[in-house]
Amino acid sequence: MTQDAMIENSTYTTETGSITTGTPAVQGQTIRDSVAQALENYFAHLDGQEVFDVYDMVLAEVEAPLLEAVMKYTRKNQTKASAILGLNRGTLRKKLKQYDML
Numbered sequence: 019m020t021q022d023a024m025i026e027n028s029t030y031t032t033e034t035g036s037i038t039t040g041t042p043a044v045q046g047q048t049i050r051d052s053v054a055q056a057l058e059n060y061f062a063h064l065d066g067q068e069v070f071d072v073y074d075m076v077l078a079e080v081e082a083p084l085l086e087a088v089m090k091y092t093r094k095n096q097t098k099a100s101a102i103l104g105l106n107r108g109t110l111r112k113k114l115k116q117y118d119m120l
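Plus 18 on top of the position in the sequence shown (first one is 1) and you've got the numbering used here.
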């Protein structure tokens with residue numbers, strides 16, 4: 019398994035409801051649970067390979083789809099997206115460029 023392994027689609031429960039992203043999931047599974055399960059699976063299938071930059075890998079796997087979803091929700095309105103994400107608009111633009119979304 020490579021470090022660009024994807025976190026599976028799932029159902030996420032938030033304070034305001036549930037978000038379903040494609041495939042059936044365990045009822046009430048949180049984003050935290052999904053990440054923990056994905057990492058457990060990732061480490062279980064390394065077959066002795068050395069691992070580096072797991073923190074950055076996880077951030078990229080979670081941050082990119084988060085940015086995509088918020089930008090879609092706001093119809094690419096960066097001011098609204100930055101408010102939803104709690105980021106400065108300049109920081110949002112930097113992250114959008116980082117993931118080739120600008």
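Read the hints as simulated data drawn from the structure, not as lab findings. Be careful, since some hints might not be right.
[To be verified] 25 Å max Cα-Cα, derived PhoX-like pairs, lysine-lysine:
no., residue 1, residue 2
1, K90, K112
2, K94, K115
3, K115, K90
4, K94, K112
5, K94, K113
6, K90, K113
7, K98, K115
8, K98, K113
9, K98, K112
Going down the list of hints, with the structure as the test:
Note on K90 and K112: the hinted pairing holds, with a Cα-Cα distance of about 17 Å set against a maximum of 25 Å. Taken as a hint, the K94 and K115 pair is honoured in the structure, with Cα atoms around 13 Å apart against an allowance of 25 Å. Taking the CA atoms of K115 and K90, the gap is near 16 Å; set against the 25 Å cutoff, the hint holds. Restraint check for K94 and K112: satisfied, since their Cα atoms lie roughly 15 Å apart, inside the 25 Å limit.
The straight-line distance between the Cα atoms of K94 and K113 is roughly 14 Å, inside the 25 Å bound, and the hint therefore holds. Our distance criterion of 25 Å between C-alpha atoms is met by K90 and K113, whose separation comes to about 15 Å. Taking the CA atoms of K98 and K115, the gap is about 17 Å. The hint holds against a cut of 25 Å. Pair hint K98 plus K113 holds up; C-alpha atoms about 15 Å apart against a cutoff of 25 Å.
For the proposed pair K98 and K112, the alpha carbon gap of about 16 Å is at most 25 Å, so the pair holds.
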